[in-house]
Amino acid sequence: MTLVLEGVRYRYAGARASALDGVDLVVEAGRVTGVVGANDAGKSTLCLVAAGLAPGVIGGHLAGRVVVAGVETTQARPHELAQRCGILFQNPATQLSGTAATAWEEVAFGPRNLALPLDEVVERVEGALAALGISGLADRDPGRLSGGEAQLVALASILALRPACLVLDEPTSQLDPHGTRLVGEALGRVARELGAAILVVEHKTAILARLANEVVVLAAGRVVRAGPAAEVLDDAQLEGLGVEPPPSVQIRRALRVAGVALPAAAEGALTGIGA
Amino acid sequence: MIAVCAVSAHAAGILRRSVPLVLLSVPLLVSILLVNTFLYPGATDPIVDVGPLRPTWTGLAAALQATLRVLAFGFSVVVLVLTTEADHLLADLERRGLGRRATFVLGSTLRAIPRTSGRAGEITEAQRARGLDTEGRIWRRVRGIVPLAGPLIVGALTDVEEQTMALEARAFTAPGRRTVLRAFPDSRVQRLIRWTVILACLALLAASIAGLLEPLP
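Top line first, the protein sequences correspond to chains A and B.
Throughout the first sequence, residue numbering follows the working numbering, covering 1 to 275 in sequence.
Throughout the second sequence, residue numbering follows the working numbering, covering 1 to 217 in sequence.
Honestly, the hints are just simulated from the structure, not real lab data.
Predicted model, so just to flag it, every value in this text is computed and none were measured.
For every residue, glycine included, the Cβ atom is placed at its ideal position computed from N, Cα and C.
Among the hints, erroneous ones may be present.
Claimed, not checked - Examples of chain B residues lying across from chain A (beta carbon under 7 angstroms, computed):
#1 T83
#2 D87
#3 G107
#4 S108
#5 G155
#6 E162
#7 Q163
#8 R170
#9 G176
#10 R178
#11 R182
#12 P185
#13 D186
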């Protein structure tokens, strides 16, 4: 088990109420767990806690256990956690170091921080760029990339640290449809080929319908639904929890209401709609 | 110093490009010349009396010295900027032992200038779309800065927290020296010139402290 949260309660510094309240979650290696929920449900907090940035970097009070690749987050230093769990935020612009002249150097930022030998830095950077299919961006100025491209470079920067676990906080929220498709496809490739445990918060449930193995629904800092992605995303209570079902589910429901039977062969094509 | 800059610029093939940049300092140089020549405090050696105007030889000498200093400083900065990529300079400084935090601060500052300028442009466009007058008379434009400054500063501050976490997530606080990506050529002649300049500066400083040099005005 790569990422384990046991009875996790987290309260931000100065806050009275807990942002997470008794969360239990397990993400196995090679599996993708999607997280959905209304605004202020605690999704971003869950990401920070899972990656060890809360309370490690931003403070606050944590109860319960968060274990990443066998190490409890409260027992490890940030640079040690960075090699076990990578985190990607919403805004591509704030995740780039702002010091690199090229995307290649940007991806090398993390491995260089670890003082790895130069040939290993080169190998990791080339590997991360190739894994996401963005080797062609290597010589580009990171400041002049499109949103989707910048997000992929940020993801490559995380992959270059070779973490066992990836935490993605709405990685497509600020991207246009093209950028969303780029990142969605890249995440699918990472999950299939690199075998990392992936926890992804995403409002675009169509992406989760294609990408996630399991989905959990958060509300007021608690897990209120959890299970196989197809099952949870088809839950009739989902909209009441502030989550819009994927277009495939909405179409299926509309067809059912209209009394139209869907051929089994069309099911697969339906799942891909909107992703 | 000016001669050294001129020779360096010529050797680097940037003399022609450097001239217009050096000339940008002309308004400052003219003001230094006028203020010192006509208003130097305590000077009693007039060049000529023209009504209330009384230029002095002492003031002119001080003005020329100050002008040459500003020119030498400006010219050397121009030569540095035109011959040295900021990234290369930082990479080499880091290779020579500059700490990762200092390197990051310098590097991100250099790259933040165009980024902040771009964001200011976006906010200006957004404010204009909402009907704010960002063109026309100067006082109107000044008034337009107020709604521009708020989002710019708040946006920069809110980005800082996420940037800090993103740096931590990329092992920025790991111990030890970062891996060096590039080594730049550093010939024996370059090293000799560099050490000569450093030693000359130290010698001048020592001579000045010992009172062997005349005090500058």
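Quick rundown of the hints versus the structure:
no. : hint : in the structure
1   : T83  : violated, 17 angstroms
2   : D87  : holds, 5 angstroms
3   : G107 : holds, 3 angstroms
4   : S108 : holds, 4 angstroms
5   : G155 : violated, 10 angstroms
6   : E162 : holds, 4 angstroms
7   : Q163 : holds, 5 angstroms
8   : R170 : holds, 4 angstroms
9   : G176 : holds, 4 angstroms
10  : R178 : holds, 5 angstroms
11  : R182 : violated, 10 angstroms
12  : P185 : violated, 18 angstroms
13  : D186 : violated, 18 angstroms
The earlier numbered hints that this structure contradicts are 1, 5, 11, 12, 13.
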